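These protein sequence lines are chains G and Z, in that order.
Sequential numbering from 1 applies to the first sequence in the UniProt record's numbering.
Sequential numbering from 1 applies to the second sequence in the UniProt record's numbering.
Some clues are possibly wrong.
What the hints assert, rightly or not - Reference listing, derived: stretches of chain G covered by chain Z, where coverage requires no fewer than 3 residues with Cβ under 8 Å from a Cβ of chain Z:
(1) 53-65
(2) 128-134
(3) 141-151
(4) 281-295
(5) 501-507
Claimed, not checked - Not the full set, but computed from the structure, chain Z residues with beta-carbon under 8 Å of chain G:
(6) Val-39
(7) Gly-48
(8) Arg-89
(9) Phe-120
(10) Gln-125
(11) Arg-146
(12) Ala-157
(13) Gly-161
(14) Gly-191
In case anyone wonders, no lab produced these hints; they're calculated from the structure.
Small disclaimer: the values here were computed from a predicted structure and weren't measured.
Think of the CB as a built atom: it goes at the ideal place given N, C-alpha and C, for glycine as much as any other residue.
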Amino acid sequence: MKYTEGPEIRDTKAPEGPIEDRWDKRKFSARLVNPANKRKLHVIVVGTGLAGGSAAATLGELGYNVTSFCYQDSPRRAHSIAAQGGINAAKNYRGDGDSIYRLFYDTVKGGDFRARESNVYRLAQVSVNIIDQAVAQGVPFAREYGGLLDTRSFGGAQVSRTFYARGQTGQQLLLGAYQALERQIAAGTVTMHTRHEMLDLIISDGRARGVIVRDMVTGEIERHLADAVVLATGGYGNVFFLSTNAKGCNTTAIWRAHERGAYFANPCYTQIHPTCIPVSGEYQSKLTLMSESLRNDGRVWVPLKKNDTRAPGDIPDEERDYYLERIYPAFGNLVPRDIASRAAKNVCDEGRGVGPGGLGVYLDFRDAINRLGRDAVEKKYGNLFEMYERITGENPYDVPMRIYPAVHYTMGGLWVDYDLQSTIPGLFVVGEANFSDHGANRLGASALMQGLADGYFVLPTTVGDYLADGPFGDVDEEAVAQAEIKVRDKIERLMSVNGTRTPDSFHRELGKLMWDYCGMERTEESLRKALERIPELREEFWQNVKVTGTAEELNQVLEKAGRVADFFDLAELMCLDALVRTESCGGHFRAESQDADGEALRDDEHFAHVSAWEHTADGPVLHKETLEYEYVKMTQRSYK
Amino acid sequence: MNLTLKVWRQSGPSDAGRMVTYRVEDVSPDMSFLEMLDVLNERLIVEGDEPIAFDHDCREGICGMCGMVINGVAHGEQRATTTCQLHMRHFEDGATITIEPWRAAPFPVVKDLVVDRSAFDRIIQAGGFVSVPAGSAPDAHSVPVRKEDADDAFDAATCIGCGACVAACPNGSASLFTAAKITHLGLLPQGQPERLSRAKAMVDQMDAEGFGGCTNTGECTAVCPKGIPLDAIAQMNSDYLKANAK
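With the sequences and hints as input, model every part of the structure.
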């Protein structure tokens with residue numbers, strides 16, 4: 001796949017000056033809209049997870065006229081709901097040495113020096129407000145007997161700054177945002193459209209002015225116009241077919257915005273989560289995460305000997321390899337996710353993996369149960385243990401869990417500036433859908449933090465500044481009609497192929513290819529193979545896919561086919577991005593770039609930049625944004 | 001395993017609907033229930049038939065999107081389990097399984113096993129929140145909360161809004177769903193100022209949506225995937241009574 005290089009991105013709109021003052025400066029410089037005018041300003045928010053739900057609710061509270069969309073039957077079901085472990089915040093309630101600066105530092109380091117300092121510092125600053133907001137909403141965080149909030153440790157940190165609600169933190173935070181959103185719906189500031197899917201972005205006079213959506217119940221294609229559009233449509237991990245994402249998660253909204261001109265940044269940055277339940281068979285439809293919090297008390301090991309078929313309980317301690325504790329004594333089982341995942345892959349590649357196919361490692365609670373008692377372990381992790389037993393039929397109180405890495409999160413996404421605005425004026429992108437804060441690897445419990453920081457605190461300020469120039473007048477009718485025709489044509493094409501293969505069968509094949517060639521380990525050879533194979537498979541898809549039913553009704557096959565079509569195009573860009581970035585960093589591991597110990601080796605001289613891809617008729621154009629580190633010195637990460 | 005499925009098929013709200021029989025072969029006991037339906041649907045598509053429409057998303061038992069009445073029981077016979085977390089190892093080889101949508105007047109069928117649960121959102125809109133705009137909150141530690149209250153509030157807050165309680169209730173009541181939210185917020189100090197008005201507004205909305213009343217049969221809590229206890233309904237009734245006495 002050919003690409004060309006375009007001009008660098010030089011201005012990210014971050015204010016100058018000391019890092020701790022930048023967000024205050026931006027808040028003060030952001031223009032305000034008077035309350036009477038806010039009602040005349042219309043904002044569309046697509047997606048109702050932590051970022052979109054909190055953004056829509058907050059914009060509604062401020063008095064803007066908001067329209068919100070989600071593909072589920074209720075905004076409460078967005079996939080943020082499945083986040084288990086917790087949310088980071090620099091409250092330093094434990095007095096264990098935490099601070100805004102330390103959270104900032106840990107996040108920049110954890111992201112392997114591929115995130116923007118200004119954005120990350122703001123994230124750490126705002127983190128403390130999120131906890132206050134959530135508690136005030138009635139989010140039932142875990143508490144200690146004195147009535148104060150409890151915290152725990154997560155990977156990549158040596159302080160205890162993760163607030164949690166048993167293993168359901170995402171659910172509780174999302175319900176908080178959902179309830180705030182429903183309150184605004186009742187107040188009439190937000191109009192909600194459930195079971196609607198965004199299929200194109202409307203651009204008029206160079207500004208994002210609306211969306212084309214499909215009513216998934218009636219099949220009707222609708223146009224919705226506004227003064228600004230916010231995409232909060234999540235990540236694209238489902239390009240791998242098997243991931244911990246919900247089945248409906250897809251790239252369509254951000255991909256079609258990309259086709260309309262929004263740059264796509266670092267598409268190859270994929271997070272493979274180390275603690276997921278291993279695949280059990282060909283029919284597998286998704287993978288289930290076991291929260292990283294389990295690594296607080298669970299010990300990861302494999303047998304010392306290859307192909308050891310003894311039951312785990314029959315293997316004595318001296319014949320076990322607690323490899324994370326051995327290789328990384330300082331962080332032990334709490335090393336960041338990318339490192340834990342690769343270490344698991346390495347021991348399995350050595351033939352020491354456990355379970356079917358040797359693709360698994362043990363996560364063992366024996367010692368924690370002996371030390372703390374079964375009740376204490378049950379209180380902390382009971383629901384996770386139950387979930388594990390339900391899926392595998394094995395009881396983790398008696399036998400160690402088997403875990404294996406799985407695709408979990410995508411750090412890449414649409415490029416945004418400090419204001420969370422994409423390269424299309426008036427198109428803002430929040431949460432996992434943007435690329436901004438996690439660099440090449442996200443730390444555990446930071447996704448919830450980022451989603452809510454964006455939605456409750458950052459976006460309402462920056463969108464306000466943009467809207468201070470509005471309303472923007474009539475939308476070009478031709479632009480709307482053209483977008484609508486494009487959407488109808490694509491649906492028509494999908495309906496008319498009438499081939500012999502299901503959309504899912506193509507998706508599975510694409511996913512396997514991506515996992516094999518652009519997964520935990522990437523090489524020039526594997527990526528070139530993928531770039532050869534993807535266009536062939538896409539060609540076959542458009543010749544041979546079968547969509548049943550009609551487009552004028554609830555049609556889950558059609559929905560799926562449209563999403564798979566976009567995954568093909570995204571997959572190609574991911575592989576290209578991974579091919580061009582010849583260094584290893586965070587979740588992006590190029591086998592050609594590793595040190596003597598097999599750790600990821602960055603190439604700061606050539607790759608300390610964001611790769612932002614522009615979509616053009618002549619192929620992708622790469623724009624680099626150089627990353628500068630004024631506060632955190634770039635070092636090779638070490639968790640030893 | 002080889003199974004016979006009897007599945008409710010209904011092309012849309014105006015269709016009368018009917019049970020249709022399918023054979024599924026070579027089912028692995030490690031499959032989830034929905035994966036078993038995926039396999040059937042893949043076959044139906046290739047054969048040119050319309051696959052069975054059903055709601056699902058996270059497939060981890062937390063989003064609340066899936067829900068089917070399996071052999072007459074909402075989410076199937078395994079306790080405290082959503083349909084997506086139910087695995088085929090709990091069925092016998094050769095068994096016949098009936099699969100139907102939630103049935104309740106306020107949950108009209110959209111297609112096959114997909115129903116419209118937007119009534120639940122409207123109950124939350126009526127008052128299932130604490131009125132606290134973003135940015136206005138005091139420090140999180142300014143109000144300590146007794147651990148017991150926080151834990152009990154959490155237990156009620158785990159409701160996933162799937163609607164199994166309504167499907168199981170002989171009266172089609174949404175009491176357990178509504179009471180879970182009233183209890184969650186009513187147990188916390190942050191929820192006190194709006195406690196009684198919330199209970200009244202939410203119960204009134206529940207009635208307006210056409211859900212039936214509670215007669216303490218307990219079918220709801222028996223099928224609830226999160227095990228929300230029946231006590232919550234007592235809490236709701238108490239708050240509702242106090243609100244009306246004012």
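Right, here's what the structure says about each hint:
1. 53-65: holds (count 4)
2. 128-134: holds (count 5)
3. 141-151: holds (count 9)
4. 281-295: holds (count 7)
5. 501-507: Holds: 4 residues of the stretch 501-507 of chain G have a Cβ under 8 Å from chain Z.
6. Val-39: With a minimum Cβ separation of about 6 Å from chain G (threshold 8 Å), the hint on Val-39 (chain Z) holds.
7. Gly-48: holds, 7 Å
8. Arg-89: holds, 6 Å
9. Phe-120: Nearest chain G Cβ about 7 Å off; hint holds.
10. Gln-125: Hint holds; Gln-125 (chain Z) Cβ to chain G Cβ min 4 Å, cut 8 Å.
11. Arg-146: holds, 6 Å
12. Ala-157: Status holds, d = 5 Å.
13. Gly-161: Because about 6 Å separates Gly-161 (chain Z) from the closest Cβ in chain G, which is inside the 8 Å limit, the hint holds.
14. Gly-191: holds, 5 Å
Hint compliance for this structure: every hint is met.
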